[in-house]
Every structure is written in C-alpha cells, then in structure tokens.
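Please model the entire structure based on the sequences and the hints provided.
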Amino acid sequence: MGPIRMARASGWGEGLLRPMPVAGGAILVVVVLAVAAFLPAYQTELVTQMLIYAIFAMSLDLLVGYTGLPSLGHSAYFGLAAYATALLALKLALPFWLAAALGLACAVIGAFLFNLLALRTARAYYLMITLALSQVLWSLAVSWTDVTGGDNGLPGIARPVLGIRLDGAGVWLVFVALVFAVSTLVMWTLVRSPFGYALRGIRENEERMKALGYDVWRYKLLVSMVAAFFAGVAGILFLSLNSFVGPQALSIALSAQVLLMVLVGAAGTLFGSIFGAVAFVLLQNVVSSWTERWLFVVGAVYVLFALFAPAGALVWVRERLRSSRGRSR
Amino acid sequence: MNVLSVRSLTRAFGGLKALDDVSIEVATGERRVLIGTNGAGKTTLFNLVNGQIAPTAGSIWLMGEDITGLPVHERVRRGMARTFQITSLFGGLSVYENMLIAQQALSPQHFRMTRPASHFEATREEVRATLEQWHLWHLRDEKVATLSYGVQRQLEVILALASKPRLLLLDEPMAGLSVEETHHVTDIVLALDRSISVLMIEHDLEAAFRIADRVTALDQGCIVADGTADEIRNAAALQRIYTRGGALGGRS
Ligand SMILES: Nc1ncnc2c1ncn2[C@@H]1O[C@H](COP(=O)(O)OP(=O)(O)OP(=O)(O)O)[C@@H](O)[C@H]1O
Ligand SMILES: [Mg+2]
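Residue numbers (my numbering), protein chains in the order written: chain A, 1 to 329; chain B, 1 to 252.
Hints listed in this document are in silico derivations from the structure and should not be mistaken for laboratory results.
Possibly wrong hints are sitting among the right ones.
Covered stretches of chain A (chain B as the covering partner; in silico rule of three or more C-beta atoms under 8 Å from a C-beta of chain B) [claimed, not checked]: (1) 193 to 204; (2) 207 to 213.
Okay, the calculated beta carbon distance ranges per label pair [unchecked claim]: (3) PHE111(B) - LEU33(A): 36 to 44 Å; (4) SER23(B) - ALA101(A): 53 to 61 Å; (5) SER139(A) - MET1(B): 34 to 42 Å; (6) PHE111(B) - ARG123(A): 50 to 58 Å; (7) ARG77(B) - PHE112(A): 22 to 30 Å.
Note that CB positions come from ideal geometry on N, CA and C, so glycine has one too.
Below you can see the structure in the form of structure tokens.
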C-alpha cells in the first residue's frame with residue numbers, strides 16, 4: 001500500500017477545505033452580489049426564492065435522504081413558523097426578530113409533538129401520518145378565519161430592520177444569502193458529524209442500529225426537530241419576502257414540491273437539494289412565461305427524472321463522470 | 001457470577017410456543033454453543049435475550065441485573081452485543097463507515113452534531129486499528145453491499161465486537177461459508193479475550209465442538225440436552241433429534 005493510498009485514508013472527511021464547498025461558496029458570493037447589483041427586482045426575488053427553497057429542501061433532505069423518513073407534511077413547519085411569526089408581529093405587535101424566534105420555537109415544538117405521534121408508526125405509514133398532521137394545520141389556517149384570515153391569509157408584515165432597513169430586493173437577497181450560507185454550513189456539518197453518521201445508519205438498517213446500542217427513536221425525534229427548525233427558517237424568510245402568508249404555505253402541494261426538489265436533486269446529498277430547488281424555481285418561472293400549461297411541463301420533467309435518473313441529478317452526474325473516467329484509463 | 005441467566009423463558013407466537021420454559025446460565029468467560037434443528041427456537045431465544053421481542057413469561061438477567069423490561073439499546077449499554085443469522089449490515093455505506101458507526105455507538109460523542117466525525121481522533125484510530133487487525137483496511141472504501149458473502153459475515157461479527165461486550169451472541173456466524181472462511185471466523189471467535197462470554201448458535205457441529213466449552217441442545221422450544229462438548233457429542237438425545245431432523249453434521 002503506497003503512501004498516496006495512505007494519505008487518502010481519511011478521505012471521507014477532510015474538513016471544510018474540500019474543493020466543492022469552496023467553489024460553491026465562491027459561486028454563491030459572486031452570483032448573489034452580481035444579481036443584487038445588476039438585475040431588476042423581479043429576477044432578484046427569483047434568486048432569493050431559490051435560496052429560500054434550497055434551505056427548505058435541505059431541511060427535508062435530513063429526514064428523507066439521510067434518515068430515511070419519508071415525510072409528506074414538511075410544509076407544516078414552514079407554514080407554522082410563518083403563521084406564528086406573522087400573528088405575533090401583527091396581533092401582538094412584537095418586534096420582528098422576537099416574533100421570528102418564537103415562530104421558530106413553534107415549528108420545533110410542533111415537530112416534537114407531531115413526531116411523538118408519527119414515530120410510533122412503521123416507516124411506510126410515516127408518509128401518511130405526516131401528511132395527515134400537516135392537513136390538520138392547513139384546515140385550521142383555512143377555517144379559523146378570525147385569526148388566520150382564512151384563504152386571504154395574513155398580509156402586511158414589514159421586512160425586518162437590521163441596522164439598515166432590509167427593504168430593497170438587492171439588500172434582502174444579500175441577507176437571505178447569508179442565512180442560506182449559515183444554514184448550509186450547519187446542516188453540512190451535521191451530516192458529517194457522529195450524529196449524521198448515525199442517521200445514515202438508521203436509514204440503512206434500523207434493527208442493527210439498535211443492536212449496536214443506538215437509541216434510534218431519540219435520533220429520529222431530534223433530527224425531526226432540527227429539520228423543522230430549518231423549514232421554519234425558510235418559512236419566515238418566505239413570509240418576509242412576500243410580506244404575506246396564506247394557507248398555501250401549509251399545503252400538500254408545497255410538501256410535495258419540496259419532496260420533489262429533494263428527489264430530483266438526489267436525496268442524501270444536501271447539495272442535490274440546492275440544485276433541485278434552483279431547478280424548480282427556474283422551471284416554474286421560465287416555463288410559465290411561455291406556456292400556460294407549465295405544470296404539465298414540470299410534471300413531464302419529473303417523470304423523465306423518475307425514469308432515467310431515479311437516484312437524482314447529482315448521483316446521475318457523478319456516475320457519468322466516474323464511468324467516463326473509467327473508460328479513459 | 002453468571003454473565004447471563006435466562007429463567008423459565010417462554011415465548012408464544014399465537015398458539016405456537018417457540019420457546020417453552022427455557023432456563024440457561026452462561027458463566028463469565030464461557031463459550032456456550034446452542035444447537036438444534038430448524039425452528040427449534042434458537043433465534044427466538046436470542047431475540048428475547050437482546051430485547052428485540054418481549055417474552056410471554058420468564059426473566060432475563062445480565063450480570064446479576066434484571067434486564068427483562070429494558071429496550072435493546074439499554075441492554076447493549078450494559079454489555080451485550082449480537083450478530084444476526086441473516087447478515088445485517090449498512091449495505092449502502094462503506095466498510096469504514098460501517099465500522100465508524102459501530103465504534104462510536106457507545107462513545108460520549110455519539111450524539112454530537114456540531115463537529116465532523118473525522119475530528120474525533122480516538123475513534124478514527126480505533127476504527128483503523130480494528131480494520132487492520134481483521135485485514136479489512138484495504139477494503140475500507142468499498143460499499144458493503146458489494147463485498148463477498150464471506151467478508152460480510154466477518155464484518156457482521158466484527159461490528160458486534162466494537163462495543164467491547166461482556167456477552168456476545170452469535171447467530172450462526174459460519175452459515176453458508178466455505179470451509180476456509182469457516183476456519184477464519186472460527187479463529188476470530190477462538191481469539192476473543194476470555195473476558196468476553198460467548199453464546200453461539202451453530203449448525204455446523206464440527207465448528208461447534210471446536211469452540212464450545214459447553215453445548216446446549218434445543219428442540220421444539222425445550223432444552224433436551226446440556227453438557228460439556230464431550231458429553232454432548234455422545235448424547236443419545238442429540239442423536240435422536242438430529243437423525244429425525246436429518247441434519248446430522250450440519251446443513252450447509
Ligand atoms: N415473529 C414470528 N412470528 C411467528 N412465528 C415465529 C416468529 N419468529 C419465529 N417464529 C416461529 O418460532 C419457531 C422458532 O423459530 P426460530 O427462528 O427461533 O428457530 P431457529 O431455531 O432459529 O431455527 P433456524 O435454525 O432455522 O434458524 C419457528 O417455528 C418459527 O416459525
Ligand atoms: Mg435461527
């Protein structure tokens with residue numbers, strides 16, 4: 001065994017200085033600054049939306065991709081945090097940051113309570129029970145008109161103040177990009193931590209994890225709360241982007257969309273989720289500008305993915321690269 | 001003190017008593033082999049001892065402590081480890097990652113999420129040392145699902161050892177292995193420190209007698225013979241079971 005092979009010995013984790021994250025960070029900075037400086041508000045907000053959905057999709061990937069918990073109710077935490085923040089800011093006139101902190105707490109506590117129930121079920125039913133629980137919140141938002149505004153939602157939440165007003169589309173994008181960068185870093189550290197490896201173990205073989213001494217239930221509960229936290233972050237950013245939250249933020253449609261972002265990008269690879277989110281927003285907006293039937297096109301793209309790259313785009317590209325490298329040798 | 005006592009353990013599946021009033025004592029440092037025909041209740045006994053299923057009646061004691069009501073992971077923390085009859089690994093992960101997950105299970109950092117696993121030097125060292133010791137280091141980057149069956153069976157045992165158990169339960173570790181691989185796994189078991197007590201299910205009687213201090217034979221949920229390896233070799237009861245089951249000399 002040569003020295004080169006030995007140097008690669010710990011190749012599974014060389015810390016932050018791996019080429020991909022560094023390149024990714026550099027691209028993020030350049031793109032965000034360029035967009036914020038040169039593009040008009042509409043496009044700037046599209047990019048902002050991509051980053052928000054990316055946080056949302058990564059948070060779901062912790063569950064679906066890393067732990068093997070297929071949730072079809074992830075919008076619950078996105079919407080819960082957004083609604084709670086909006087209500088606290090509007091009805092109790094709390095300052096935005098305090099309302100947001102409490103909104104995040106709501107999402108995390110909500111995840112704790114939901115998962116006390118949901119984790120009692122076998123994995124196959126997790127999909128259904130998360131769906132059912134999120135539907136409870138959705139119907140509450142629709143029907144409790146006095147508080148939630150029903151279908152009209154809650155408009156009129158001002159964007160927060162952080163030294164300077166985060167009002168302009170460009171400044172707001174830079175702020176969201178910062179939150180995105182920190183969130184990505186935290187989640188990326190998590191999936192490479194001992195905790196993250198335990199999650200992969202649970203995904204692969206729960207029985208064996210127990211037999212090795214892991215308290216599987218506690219891991220699942222905790223990762224659900226972490227995922228809800230970041231879903232809540234995305235929800236609150238979304239609320240501020242639109243100065244509005246409505247029942248759509250708690251809908252099945254949103255849960256399904258974010259699940260597709262994760263699956264299309266490649267579940268279990270955080271960065272795939274970022275790709276999935278970017279692709280989704282692009283598709284939604286580009287396609288809808290040249291055809292009314294944009295949903296049909298989006299659906300067709302998903303079907304193509306399911307047929308030809310079921311493991312997701314990132315895995316597909318990685319395999320292509322590997323096999324072409326193999327041939328050239 | 002006995003490392004394991006199983007007292008009047010019964011487990012019914014519907015009307016079938018898979019295990020019927022079974023009592024077993026395993027002394028510290030002992031190598032005990034469980035034999036018996038297919039469906040005798042051997043794996044059921046393991047599932048009860050390790051807590052995967054609950055007994056219908058009876059109790060289980062580990063080093064003098066009643067563990068009958070404890071969940072699986074609590075029993076592991078108290079010094080028990082097991083392997084599975086049907087290979088049970090993390091197929092989509094590399095050999096290294098499998099070992100890492102096993103190694104960190106009982107370490108203080110297993111719940112940490114704010115630092116990469118690679119920063120925990122001591123665990124890394126242990127993983128490397130273990131993989132080198134069992135000659136698997138060169139396979140560390142291989143996905144476990146792509147390994148040969150023989151290597152997977154070895155890893156099955158090695159993962160269980162990572163927690164440095166006081167009691168090791170091995171469910172047919174040699175099943176389906178070639179003669180050479182059987183010798184290799186037998187050597188792994190024989191090389192274990194005597195501070196580890198072993199309770200092993202084995203169909204291959206040759207391998208069983210090589211390892212065992214004592215042998216216990218189960219049939220239809222009941223103990224039908226129990227004694228030193230030599231006593232059992234000649235036991236009439238055993239002859240009867242195995243000729244009836246047509247499995248004399250193991251199945252393979
Ligand atoms: N979960 C279960 N549900 C119903 N019956 C079961 C279950 N587990 C085991 N049994 C039954 O209990 C009996 C004992 O099974 P067990 O797996 O313990 O046998 P074994 O001695 O390990 O056999 P083998 O040598 O084939 O592994 C069998 O008749 C089996 O069908
Ligand atoms: Mg069995």
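Hints, one by one, checked against the model:
no. : hint                              : verdict
1   : 193 to 204                        : holds (count 10)
2   : 207 to 213                        : holds (count 7)
3   : PHE111(B) - LEU33(A): 36 to 44 Å  : 39 Å, holds
4   : SER23(B) - ALA101(A): 53 to 61 Å  : 58 Å, holds
5   : SER139(A) - MET1(B): 34 to 42 Å   : 60 Å, violated
6   : PHE111(B) - ARG123(A): 50 to 58 Å : 22 Å, violated
7   : ARG77(B) - PHE112(A): 22 to 30 Å  : 24 Å, holds
This entry does not satisfy hints 5 and 6, going by the numbered hints stated previously.
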